[in-house]
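Using the hints, position chain B against chain A.
Take a look at the letters that make up each chain.
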Amino acid sequence: MTDYKPFSIYDDDEDKNKPVPIPDELKEGPANLNLEIEDVPSPEDEATRRELMRQFEGAPAPGGGSGPAKEKSPSASMENVPFLQGQSTESVEDRAKSMIRKRQDSGKIRDRRKVASIFDKPIEPDKSIAAGKAFWHPLSYRAQTFWFLLPALLFFGLFYLYPMVQGFQISLTHYSPLGMSEPVGWENYQRAFQDSLFWQTVVNAAAFTLLSLALGFWPPILLAILLNEITYGKGLFKFLYLLPFVIPAVPAANLWKWIFDEGFGVLNSILQWVSPSLGPVGWLTDPRWALISIVLMFVWKNTGWFMLIYFASLQNLPEEQYEAAEMDGAGVLKKVFHITLPHLVPVMWILSIIQVLTTFQIFTEVYVMTKGGPMHATEVIGTYIYKTAFGSMDLGYASAMAMLMFAVLFIFTMARFLQLKRTSR
Amino acid sequence: MKKIFILLLLALLVFGLSQFLMRRNQKDLQDKTLVHLTLWNVPPKSLPLDRQLWEETVQQFESENPGVKIEGVERDYQPEEFITVMAGGKGPDLVKVWVGAIQTLANLGFLQSVDSQIQNWSQKDFIKPVLLESTKVDGHFYGIPADTYFLFLLYRKDLFTAAGLNPETPPATWDQLAETARILTHREKGQYGLGLVPKTWYFQDFVWQAGGEMTRVENGKVRSAFFEPAAVQALRFWKDLKWKYKVLQPDPLMTEAELLHLFALGKIAMTLGTENLLPSLITRYKIDPQSFGIAPLPAGPAGRAAHLGGDVYVINATSSDEKKAAAWKWIEFELSPANQLRKWVRMHQLKMFIFPGAFSSATEIANQPEFKMVKDALETARVEPHVNGWPQVRDLLDEDPLQNIFLDQDADPQQLLLTYAKEADRNIFAKVKGAP
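Residue numbers (my numbering), protein chains in the order written: chain A, 7 to 431; chain B, 62 to 497.
A portion of the hints provided could be inaccurate.
To be verified - Each computed PhoX-like pair below joins lysine-lysine, with the alpha-carbon atoms no more than 20 angstroms apart:
#, chain 1, residue 1, chain 2, residue 2
1, B, Lys130, B, Lys151
2, B, Lys307, B, Lys250
3, A, Lys377, B, Lys384
4, B, Lys347, B, Lys412
5, B, Lys384, B, Lys151
6, B, Lys384, A, Lys393
Stated by the list, open to error - Chain B residues, not near chain A, derived (Cβ > 12 angstroms throughout):
#, residue
7, Phe122
8, Pro127
9, Pro190
10, Asn227
11, Ile348
12, His368
13, Trp405
14, Met413
To be verified - Partial selection, computed: residues in chain B whose CB lies under 10 angstroms from chain A:
#, residue
15, Gly170
16, Ile179
17, Pro452
18, Asn465
Honestly, the hints are just simulated from the structure, not real lab data. All C-beta atoms in this analysis are idealised placements derived from N, C-alpha and C, irrespective of residue type, glycine included.
Looking at chain A on its own, in the form it has when it is part of the complex:
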């Protein structure tokens, strides 16, 4: 094939009215189209194929006549094809679809993706094409999806769903692990509502969440934008920022416990070196500072991870948008506020949800650094549940508190996702 140009939309195109040469691979008929629709031809297929052949090769000219037009030029042959002349009500695609439906009915199509691939777009992807098998058949296409999901579903069911159901059952009892649990109805839940310490832990967890959002929301975005802009050392900076995240929580919390130590900590040493009047501060022993100190540690630990997610999202932002903005005279701030940040909004939503879920359930950092002290100033729901379950061995009450926490987080997450869905629409 040399200069095949089937259609031209330009009026000044000199070749527009010239006869269109037929590509070599089409000259011998549709057999060379490589439409591997099926492996097993059926009588219906054969009939369809013949019909197409007849249309290509032996269609009557508009003026009448019959029989194959052997002397005609290839272009003339093409001109006589009814569906190219607008005479047929059926497009090629419709024609193919009807063929596929016939295959489905006769159970010949094995892989609808293979069929779809010849047409550049999926064919009715939302409709079940059962490959000759019923919807419920274990080897049908939809069933195959289920089999692939099954390991994950089993894992989820065994390690998440089952313990949650068990936890709910336990929350309705005075639990005894050896099967002598006494059912108490909603007593443990009532107890939680009357427990002032439980409410204090809720307030502390909420304060922790808000503080960590206030302090930890923007730094990763800013760092991601800066990292996206720099030319050299991207890998090094990514590694350095991510390092705190890869340190396990317990050693990281221990490290910061010593940094914050009132007498031997490096932070107070620096403060006192700057000015003796500045310290020492009881970072973890003063109820006014303890919670915020843990939040600082948490922000330090997670900023790099969130930054990496924002950075990855920025890689999908087309450069052309910035170039177009520059051509329109946009400065750096305008580009950030009108291109970069709007692009990051969906990621911000997701990460803010993750941040709320993580901080509301925080346990390790608090337990290692203060164990909930001083005087419950850092007592969060996680530490209180742990102490109730394994200190007082009151598993029924601990499970009730865990269920309440789950309910709050579930409602929050659902509300956020619905909001996100509405916004994206």
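Same frame as chain A, now just chain B:
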């Protein structure tokens, strides 16, 4: 020839396989007749001498009891682990737990009563009575004291010498403790006289030394006693150590492990601890045993007092009768005077650090000359209040009033203790049955 060779080879293979299977079957049969006893508290391989000693003990036991096979597990009692394995039906047949945990575990139904075994046990009358009584819940014995600890004063002899103090005369009274700690405190060097964790576990000893009690049982009902004048005096002394003498470590909420770390670094000159900390100081921190000393806790206005505790052997209530019987055999063997003496000799031979608490209180090991320094403390030792609800009251005191006294210079000890005594009486003691 080739065929004969192949046939011979096949015959040899068949013979070897049959021998292997026969031996395996014999071993299986033998194993089936054995009682497999799962035992926790096996020393980790990182402590090779302790491990060697334990393996020798197992060997000796199995040779004397051929029907029992010991299956040791490198795991110590931790509430969260223990409750999980018990709930999953995988609990050990025999384990050592803290004496303070007996009440909670017995109430959960985990522990087998050992009333009948203890009646006929030859060592019963030699065990320290307060210790044996502390294993009783609702009139039944649920454990056998395996070893003991008592609280003592741990001090750095090298820091005493550097400060011009006699390292062989540690403080013997509260006043001496405060004065010695003041001399040893050098804030500019980051060195503090005394390390103290604000926990009931330590506070109760000071209350006893002041002549008070933590709880009282009246007409079969338990009530708080830690608001009485003696307890208030003890808390005032703690407050003075922090705010008047300023001799305590700067971070008042440090854990015992962190204090031990500072003690090992020479940042703290004295602290309170149990003798089971000593091997850790020597093996982990490589401290010369001659550079630190142990002494009885200083006497308060009412004299000396220190609390005694220890690990207690408990038998799993869900184990089979054969395993329960085998578990009792192990307890009898391990705590027998012969085995305790053998252990003492081997510890000497292996050059291990020896402390009296490593041995059963039923033995006379504590009378050895090397324990002279702590013998007095053993004589005045007491146990934690053994009443229902005490674990919760202990947690209540730990969380608020004791931390408060170290954090708030203006806190009033009397008011604090009174407030929490009322709360303990109303919310905890009023809801439990009373004395076990």
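Fill in: Which numbered hints fail
Violated hints: 3, 6 and 16; rest satisfied.
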